[in-house]
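Colleague: The lines below spell out each chain.
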Amino acid sequence: MSRAEVEVALVEDTYSTPTLMAVDAFQHSGVSSNDRFVSLTPNRQGQGGPRRTPRKSLIVVLPENHVVSPDLVAGRLRAQGDYEMDVILAYAGQSTSIAALQRQVRDLQVLEAPAGTSSEDLRELAMRQAPGDIVTLLCGTPV
Amino acid sequence: MSAKSREPESLRSREGHPLIVESLQLSVIVSAHNSSATLSEVLAAIRSSDVPRDSYEVIVVDDASTDGSVAIAARYADTVVKLTGRQSGPAYARNRGVELTGAPVLAFVDADVVVRRETLPRMLQILNERPDIDAVSASHADTSGAQNFVSQYWNLLLRFGEQRHTSTSAQFAPGCGAVRRQAFIAAGMYDEWRFATACLENVELGERLLGTGRGVLLSSELSVTHLKRWDLLSVFREVWVRSRLLARSLGYSRMSAVAPSDVVFTLSRALTPAVALLATLMLAAAFVPAPHASAKVGAALLVLLLTNLPVHRFYASTRGFAFALLSAPLHTLVEIVAGVALCLGWILRDVFGDVSPDATTQAYAEVGHEIWPPVPRKL
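Residue numbers (the numbering used here), protein chains in the order written: chain A, 1 to 143; chain B, 1001 to 1379.
If you're looking for bench data, these hints aren't it; they were derived computationally from the structure. One or more of the hints may lead you astray.
[Claimed, not checked] Some chain A residues well away from chain B (every beta-carbon gap over 10 Å; in silico): (1) 86; (2) 94; (3) 96; (4) 99; (5) 102; (6) 103; (7) 104; (8) 106; (9) 107; (10) 109; (11) 110; (12) 113; (13) 114; (14) 115; (15) 116; (16) 135.
[As the list claims (entries may be wrong)] Restraint-style ranges between C-beta atoms, simulated for each label pair: (17) A:52 - B:1023: 31 to 39 Å; (18) A:112 - B:1040: 22 to 30 Å; (19) A:80 - B:1356: 16 to 24 Å; (20) B:1322 - A:80: 55 to 63 Å; (21) B:1052 - A:103: 28 to 36 Å; (22) A:80 - B:1128: 25 to 33 Å; (23) B:1129 - A:75: 32 to 40 Å; (24) B:1128 - A:71: 30 to 38 Å; (25) B:1322 - A:112: 57 to 65 Å.
Since the structure is predicted, the reported quantities are computational estimates derived from the model, not experimental observations. We put the beta carbon where it would ideally sit given N, CA and C, even for glycine.
Between the sequences and the hints, there should be enough to build the whole structure, so can you do that?
Modeller: Pasting the structure below:
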């Protein structure tokens, strides 16, 4: 395919996946067509446009009488390296892990469910809130 | 089943992340597209496998579903990948799942396939005990999840092909298969460039594994239940797509040597002698006085029955004479669809060449932008 054909195809694109910036858009952004990446900034939810890397979320599930080690969560976050990661804690009833987790994790999103809510229901609830393209689920251990 | 895997999820849920759990042996990757009707049963069956919970992880790659499959996946999976936009196909989705794991063995389970408790551990055992085998897949069970006639017919047809060729065929069958990660990567992973639909991507992968000197086994001992409900239209469409794609993209003769148990070969092998015999009879009829119309019909039916005798006998032995009788006209129609599609595939191959993605995808791939989700990659 010639360069001209490539550009025609890009401009005429009505294709939704992968979501890419049209040629004129990245010309205005200052990114040349020879650059390998279109955008280096991970988008927040609700912002359109292309992303170079997937957005990642970590869901921590704590059914009633379950705890999670903040160090374990921190370890998961460290393992992601430079990736930005949203962390969501979904718990049922009372949880003793929240304060410690909030100290470890900046911008922790907390979802509270009624006591007795099952692990599966907590997972599903949290997934509906998770903005990530790749979502890892971590379940606590019983007290 | 080990005592550990009988424990409630909360007790055994040290979620398997490749970077955290060193004992991770197996990564089960399920690609799903609008699979809410079956996904729960499929994932529950995987989680009930006789494999210690710490030693495997479940990754569900949701291929742009719009039916809530993601929420169902979240109930059972360790990792959920959400692909957005339009459907990219299981080859693409499974490759994205593989990129997230470091497990030495990868198992691919379709979102409408229920494994038995022993399926995954037995696959692991085969790979552990036989260094000459790098990929092992399971065959179709006797019964399908859906009880309607067409589903039973189709399931048995696939099983017939697998049973007939398991001793000779080294095929990586669709549905459920496990492969060593190293072999999978060395073979180039799934061909996400050409296989944008759920069709023959496993067979093609099996061929490449064999081509790199890897051992591939289609096990008759292992069987899995397919839940998908088939109707006439979906069976005809499946046969049409498989046959056309096979002839156009892969080459019938090349693939027939590698995957003789595939349904296309099961169908076309019976069709070819049937057509030859019918042509001979018609030629002979030219030299005799015109027979009665019913005699012509009778001769044609007899030819079809005789050429498909092994299939009909298989149906009769597994489901009874009435089922075999009912399936005969359906089987004839399916064979005709396969024959026409194969011919069309050959013509398209000669005129247009191999299948390739649409111009937009090719353009993106050529420019080489790195984005998420990635542009389909060429082998």
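Colleague: Is the nearest CB of chain B more than 10 Å from the CB of residue 96 of chain A?
Modeller: holds, 16 Å
Colleague: Are all beta-carbon distances from residue 102 of chain A to chain B longer than 10 Å?
Modeller: Correct as stated: the minimum Cβ-Cβ distance to chain B is 21 Å, above 10 Å.
Colleague: Per the hint of 55 to 63 Å, is the separation of the Cβ atoms of residue 1322 of chain B and residue 80 of chain A within bounds?
Modeller: For residue 1322 of chain B and residue 80 of chain A the Cβ distance comes to about 60 Å; the hint holds.
Colleague: I want to verify a distance hint. Is the separation of the beta carbons of residue 1322 of chain B and residue 112 of chain A within 57 to 65 Å?
Modeller: Taking Cβ atoms as reference, residue 1322 of chain B and residue 112 of chain A lie about 59 Å apart, which means the hint holds.
Colleague: Can the suggested window of 28 to 36 Å be confirmed for the beta-carbon pair residue 1052 of chain B and residue 103 of chain A?
Modeller: holds, 33 Å
Colleague: Is it true that residue 1128 of chain B and residue 71 of chain A lie within 30 to 38 Å of each other by Cβ?
Modeller: holds, 33 Å
Colleague: Verify this label for me: residue 110 of chain A is non-interface relative to chain B, using a Cβ-Cβ cutoff of 10 Å.
Modeller: Label holds. Min Cβ-Cβ 17 Å, cutoff 10 Å.
Colleague: Taking 22 to 30 Å as the hint, is the beta-carbon distance of residue 112 of chain A and residue 1040 of chain B inside that range?
Modeller: About 25 Å separates the Cβ atoms of residue 112 of chain A and residue 1040 of chain B, which means 22 to 30 Å holds.
Colleague: Take a quick look at residue 99 of chain A and tell me if its Cβ sits farther than 10 Å from every Cβ on chain B, holds or violated.
Modeller: holds, 21 Å
Colleague: Non-interface claim for residue 115 of chain A: all C-beta distances to chain B beyond 10 Å?
Modeller: holds, 15 Å
Colleague: Please verify that the nearest CB of chain B lies beyond 10 Å from residue 106 of chain A's CB.
Modeller: holds, 21 Å
Colleague: Check the following: the C-beta atoms of residue 80 of chain A and residue 1356 of chain B are separated by a distance inside 16 to 24 Å.
Modeller: violated, 35 Å
Hints 16, 19, counting from the list given before, are not met by this structure.
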